[in-house]
Amino acid sequence: MQLHPHTGSSTRTRDTLGRRSGHRAGRLAAVVAVLSLAVGLGPLTGPGAHAADNPYERGPAPTTAGIEAARGPYAVSQTSVSSLSVTGFGGGTIYYPTSTSDGTFGAVAISPGYTAYESSIAWLGPRLASQGFVVFTIDTLTTLDQPDSRGRQLLAALDHLTERSSVRSRVDASRLGVMGHSMGGGGSLEAAKSRPALQAAIPLTPWNLDKTWPEVTTPTLIFGADGDTVAPVSSHSEPFYTSLSSSLDRGYLELNSATHFTPNSSNTTIAKYSISWLKRFIDNDTRYEQFLCPLPRPSLTIEEYRGNCPHGS
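If you read the sequence shown in the working numbering, its first letter stands for residue 1, the second for the next number, and so on.
If you are wondering where the hints come from, they were derived from the structure by calculation, not from laboratory data.
Bear in mind that the values here come from a model prediction, so they are computed numbers and not experimental data.
The beta-carbon is built from N, C-alpha and C at its ideal position, and this holds for glycine as well.
Some hints here could point you the wrong way.
Straight-line distance between alpha carbons at most 20 Å, and here's what the computed SDA-like set of lysine to any residue pairs gives [stated by the list, open to error]:
hint: 1; residue 1: K211; residue 2: G59
hint: 2; residue 1: K272; residue 2: I67
hint: 3; residue 1: K211; residue 2: D226
hint: 4; residue 1: K193; residue 2: Q146
hint: 5; residue 1: K272; residue 2: G59
hint: 6; residue 1: K211; residue 2: V230
hint: 7; residue 1: K193; residue 2: T212
hint: 8; residue 1: K272; residue 2: H311
hint: 9; residue 1: K211; residue 2: P232
hint: 10; residue 1: K193; residue 2: S166
hint: 11; residue 1: K272; residue 2: A61
hint: 12; residue 1: K193; residue 2: S120
hint: 13; residue 1: K193; residue 2: R152
hint: 14; residue 1: K211; residue 2: R152
hint: 15; residue 1: K272; residue 2: R287
hint: 16; residue 1: K272; residue 2: P298
hint: 17; residue 1: K272; residue 2: Q146
hint: 18; residue 1: K211; residue 2: S235
hint: 19; residue 1: K272; residue 2: R152
hint: 20; residue 1: K193; residue 2: Y252
hint: 21; residue 1: K272; residue 2: P294
hint: 22; residue 1: K193; residue 2: L248
hint: 23; residue 1: K272; residue 2: N308
hint: 24; residue 1: K193; residue 2: L209
hint: 25; residue 1: K272; residue 2: S235
hint: 26; residue 1: K193; residue 2: E215
hint: 27; residue 1: K211; residue 2: T229
hint: 28; residue 1: K211; residue 2: S246
Now the in silico label distances, taken between C-beta atoms and shown as ranges [as the list claims (entries may be wrong)]:
hint: 29; residue 1: S247; residue 2: S99; range: 33 to 39 Å
hint: 30; residue 1: P55; residue 2: Q146; range: 19 to 25 Å
hint: 31; residue 1: S265; residue 2: S245; range: 28 to 34 Å
hint: 32; residue 1: G312; residue 2: T142; range: 36 to 42 Å
hint: 33; residue 1: S82; residue 2: L300; range: 40 to 46 Å
hint: 34; residue 1: T286; residue 2: T143; range: 37 to 43 Å
hint: 35; residue 1: T63; residue 2: R164; range: 35 to 41 Å
Generate coordinates for the entire structure from the input sequences, incorporating the hints supplied.
Below, the structure is given as C-alpha cells:
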C-alpha cells in the first residue's frame, strides 16, 4: 500500500501503517513456519516442488486404474548398454522417464533367470519406468550363472547405472532396488543380503538353494506361483518369506493359476504390486500404502497374500 503526498497523510501515519503491515507479515510468516514444523513439511519451496512432506514423490496421486495400466504418466526413453562397455555383468537396456523436470528418480535393476536372456524380463522396463523409475534390465555374464553370481551382477549393474551410465545424472543413487526372475529372483535376495542400503527387493518366482534369509534388512516382496513346478512355493518362495525377519517390511504374493514362467510375460498383478512396493519403499511414497494395506485378498489372480501392515519403513 502506498500513500501519495497529495493525500495529506503525515509521515507518522505512513510509518505507523508500515509498522502494522510489517507486524502482520511477520506474524503470518511465523504462523506458516510453526505450521510447517508441526506437520513436518520443512521449508516451503514453491509451486514447482513435489509434495513438501516427501521430496521423492513422483507423478500424480495414484489410482488403481493408473497402476494397472500398461503405461504410467511418464513418457519413456531407452538406451542400450553393450556388454563390451561394462564390467561384472552382461550389459542390458536402461529405460527412463524422458522428462527431467521432476529431478532425479529412484532406480531398479532386474535380472533374468537360468538359461534366459534380458528379453524374458524386458516388459518390466517400460512398464515400471513410465511410473517414475529408472529401470535397468540386464543380461548376465552367462545364461547358466547361479543366484549368488546374479546377485553380484545386479549390484554391478546398479553401480554402472549410478556411476558411469549416460543417464547417471537422472538417478538418485541413494534410492535403489533389485528384482529378478527365478535364479535372478534368488539373486535379488543375494544382492539385498550383500547390500543392506538397497531400499527394495522383489524376487519373482525365485529359485535358490539357500532357503533362509534372516540377514536381509531390505523391504522384500516375494511373488510365488501356485502352479510352479520349477521352484515350487513350498520349497522356495514360502520358506524364503517365512525366514525373513518378522520385524521387516515383507510381503508374499502367490499368483493364482500361474506357473514359474508367468513373470516372463506382461502381467497386471505383478506390475500393480511391484509398482506399489517400489513406490512405497524406494520413494517412501505413502500414497501407495493403500494398495498394500490392508493386505490384498484372494482373487482370480491372487491365491494368497501375506505380509505386515501398516508398513514402518
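For each hint, the structure was consulted:
no., hint, in the structure
1, K211 <-> G59, "violated, 37 Å"
2, K272 <-> I67, "holds, 5 Å"
3, K211 <-> D226, "holds, 18 Å"
4, K193 <-> Q146, "holds, 16 Å"
5, K272 <-> G59, "holds, 15 Å"
6, K211 <-> V230, "holds, 15 Å"
7, K193 <-> T212, "holds, 11 Å"
8, K272 <-> H311, "holds, 17 Å"
9, K211 <-> P232, "holds, 12 Å"
10, K193 <-> S166, "violated, 28 Å"
11, K272 <-> A61, "holds, 15 Å"
12, K193 <-> S120, "violated, 25 Å"
13, K193 <-> R152, "holds, 11 Å"
14, K211 <-> R152, "holds, 18 Å"
15, K272 <-> R287, "holds, 14 Å"
16, K272 <-> P298, "holds, 15 Å"
17, K272 <-> Q146, "violated, 28 Å"
18, K211 <-> S235, "holds, 8 Å"
19, K272 <-> R152, "violated, 27 Å"
20, K193 <-> Y252, "holds, 18 Å"
21, K272 <-> P294, "holds, 15 Å"
22, K193 <-> L248, "holds, 13 Å"
23, K272 <-> N308, "holds, 18 Å"
24, K193 <-> L209, "holds, 15 Å"
25, K272 <-> S235, "violated, 26 Å"
26, K193 <-> E215, "holds, 6 Å"
27, K211 <-> T229, "holds, 17 Å"
28, K211 <-> S246, "holds, 16 Å"
29, S247 <-> S99: 33 to 39 Å, "holds, 38 Å"
30, P55 <-> Q146: 19 to 25 Å, "violated, 39 Å"
31, S265 <-> S245: 28 to 34 Å, "holds, 32 Å"
32, G312 <-> T142: 36 to 42 Å, "holds, 40 Å"
33, S82 <-> L300: 40 to 46 Å, "holds, 42 Å"
34, T286 <-> T143: 37 to 43 Å, "holds, 39 Å"
35, T63 <-> R164: 35 to 41 Å, "holds, 37 Å"
The structure fails to meet hints 1, 10, 12, 17, 19, 25, 30 from the earlier list, while all remaining hints are met.
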